[in-house]
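*Asks:* Please take these sequences and the hints and turn them into a complete structure.
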Amino acid sequence: MGKGRIKVDFEYVSEGHPLQTYLRWNRLPHKWCPGCGIGIVLSCYLRALKELNIDLNKVVTVSGIGCTGRLASYVNTDGAHVLHGRAIPFAMGVKIAKPHLKVVVISGDGDLLGIGLNHLIHAARRNVELTVIEVNNMVYAMTGGQLAPTTPRGVYTTTTPKGNVERPINIIKILGSIKIPYLARWCVTHPRLLINSIKKALRKEGFSFIEVISPCVEVFGRHIGIRDPVEFYLKLKEKIVIKNTSPENAELDWNGKIICGEFLDLELGKGYVSMITSDRRLKP
Amino acid sequence: MEAFITANIAIAEAAINVRLDVFAGYPITPVSDIMEYLALKLPQYGGRVIQVEDEIAAINLIIGASWAGAKAMTATSGPGFSLMAEGLGLAVMTETPIVIAYIMRAGPSTGIATMYGQADIMQTKWSSHGQYEIITLAPWSAQEAYDLTIKAFKLAEEYRVPVIVLGDAALAHIREKVRLRDEPTIIERKKPELDANEIKPFKADESLIPPMPCFGEGYRVFVESLCHDESGFYTTDPEVYEKLVKRLNDKIRVHSNKIFEAKTYSMQDAKQAILAYGSLARICYTIVRRLRAKGYKIGFIRPTTLWPISREKLLKLIGDVKSLIVVEGNYGQLVREIERLTDNTKVKFVYWLKPYLPTPQELYTHMMNLGINFEG
Chain A
1 MGKGRIKVDF EYVSEGHPLQ TYLRWNRLPH KWCPGCGIGI VLSCYLRALK
51 ELNIDLNKVV TVSGIGCTGR LASYVNTDGA HVLHGRAIPF AMGVKIAKPH
101 LKVVVISGDG DLLGIGLNHL IHAARRNVEL TVIEVNNMVY AMTGGQLAPT
151 TPRGVYTTTT PKGNVERPIN IIKILGSIKI PYLARWCVTH PRLLINSIKK
201 ALRKEGFSFI EVISPCVEVF GRHIGIRDPV EFYLKLKEKI VIKNTSPENA
251 ELDWNGKIIC GEFLDLELGK GYVSMITSDR RLKP
Chain B
285 MEAFITANIA IAEAAINVRL DVFAGYPITP VSDIMEYLAL KLPQYGGRVI
335 QVEDEIAAIN LIIGASWAGA KAMTATSGPG FSLMAEGLGL AVMTETPIVI
385 AYIMRAGPST GIATMYGQAD IMQTKWSSHG QYEIITLAPW SAQEAYDLTI
435 KAFKLAEEYR VPVIVLGDAA LAHIREKVRL RDEPTIIERK KPELDANEIK
485 PFKADESLIP PMPCFGEGYR VFVESLCHDE SGFYTTDPEV YEKLVKRLND
535 KIRVHSNKIF EAKTYSMQDA KQAILAYGSL ARICYTIVRR LRAKGYKIGF
585 IRPTTLWPIS REKLLKLIGD VKSLIVVEGN YGQLVREIER LTDNTKVKFV
635 YWLKPYLPTP QELYTHMMNL GINFEG
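Read top to bottom, the protein sequences are chains A and B.
Numbering follows the numbering used here, in which position 158 of the first sequence is assigned residue number 158; successive positions increment by one, without gaps.
Count along the second sequence from 1, then add 284; that gives the number in the numbering used here.
Worth flagging that the hints you see were computed from the coordinates, not collected in a lab.
Every clue listed holds true.
Chain B residues, not near chain A, derived (Cβ > 10 Å throughout): (1) Ser366; (2) Thr394; (3) Asp489; (4) Glu514; (5) Arg531; (6) Arg576.
When the alpha-carbon atoms are kept at most 20 Å apart in a straight line, the in silico DMTMM-like pairs for lysine to aspartate or glutamate are as follows: (7) A/Lys58 to B/Glu477; (8) B/Lys438 to B/Glu417; (9) A/Lys173 to A/Asp265; (10) A/Lys179 to B/Glu337; (11) B/Lys475 to B/Asp513; (12) A/Lys31 to B/Asp521; (13) A/Lys58 to B/Glu501; (14) A/Lys58 to B/Asp479; (15) A/Lys31 to B/Asp513; (16) B/Lys555 to B/Asp627; (17) B/Lys606 to B/Glu621.
Here are the simulated distance ranges between beta carbons: (18) B/Gln328 to A/Asp265: 34 to 42 Å; (19) B/Glu472 to A/Pro99: 18 to 26 Å; (20) B/Phe288 to A/Arg167: 53 to 61 Å; (21) A/Gly225 to B/Tyr525: 36 to 44 Å; (22) A/Asp265 to B/Asn533: 50 to 58 Å.
Just so it is clear, CB atoms sit at the ideal spot from N, CA and C, and this is done for glycine as well.
*Replies:* What follows is the structure in structure tokens.
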């Protein structure tokens, strides 16, 4: 607990709160900085669970390491905070052992697109029945502002003092090349659309993936010279273009437009776990 | 039922006997046949076999499966185990029962994939960062590979710890008669009382081992790789950290007398003894028997548990032999632990570094060349 932090009686606040039974109130206050967007993602996820009226005893929330990695510990479901990059294999193990559970991975861009990208691509390729929500703040924030695989070109980070020369990953285009049942990108500036999208993803039979653009005012904001959360959110709103297009048109250009929307919404039939737990032999 | 099978297949049969639920693995010589055999047979018993993208995925997948209540296992060799090191630490920290069949081959690095080595004894104990204790078992025959794999599943659940069944490339494909159990071995998990207000998945009684809840049963359990309190939530409290790490180690250390096992031969009047384990112990055993037949007062000690070793039990086994000859298929690993635990002036070491299993004559000559004297 930092000095000067306002003491809040969370037990009192939780009374009658719309997400009363969805949060682990004794874990609050959360660790995220002022202006951070991850709290909005958490809220959208919990609201999606609530609106779908899913039994919380049948949900497992898994996070990796990083700022978003802390998310799972605030969710009042079974959950895990596992190794850096390994949330997906852990979640797969859960799903295979208990296929009736709804298994959700929520983690950051460094965790899922950096150290854990291999697992993400293979889970998508296998069409494992997981919902993966990747929160993209374009920087390694928890470790203090180093280069992420999503950092825009030219941006200063603590490990690229002369500016980033690498091209950032556009995960929608990568996963778009693999037919997955559901693929979308949203931004925390549009929470209602994100809730609807998470609800859709949770109802999908196979692998579903949502990227959420989220402002990191404290670290990324410092790198790009925006220190005011409101200014950052307004800047994001300027860049967001909502367009349900094909994945190859889902541009993510920090200096131009960020295309948000649903890019894949397919019915692929039975997913991986359902197939391996069935005793029927596949025809070649 | 009796079967004429290799040690690798015996390990797979043991997994079937305990009704393994989830096996995840990545192909690697000399262990791939475990996954191949299980892929064919395990589904008939309701288990699932998943070939994943790498060994990192394999170990993390089985940890997740174990938390969902499954008996979970992987099998690998040196390079794969190196990749699993971090996951091993996760299993230790989250006290997750998993079993790893580890078939050593000649290293370091890619080494000689198809050939013999015993050089990963320390790796099974020390590969992941942080201070921890785990259990490593070392069979010397196909029958023992079967029996110790079943035992590994029991120990993993009993102590909530990863258990390694450590074989080697020579043992893996030894084909011999194995007596298989006709009835399945049922290993139950000790679960806490289901009271949603007070679930403390990391609160232990005096046994130091907490009962383990599972996902999907209403516990709302949280599995934390960070330092956690008894409820499972992150804390940086130095007292909590010390208590946790101490317990993770002590739950194995205080039970080491119970866990550690060894077989002996003709130790009653022995003045000298050979200590060896795994497939190389078979060669040493032949040497001991031949020397005995010639009237030498020599005995034989073969630990089937390599980690943890109980000093009390080990000293009792050694008795008052004048010299203890440790023979290993490496350049000195377990011998360091034996020296530490015993009167090290008695300990002599014989390395075997050729990547194949020697004949008794070849090993005997090698011992002579190293200046080992056998006294009549």
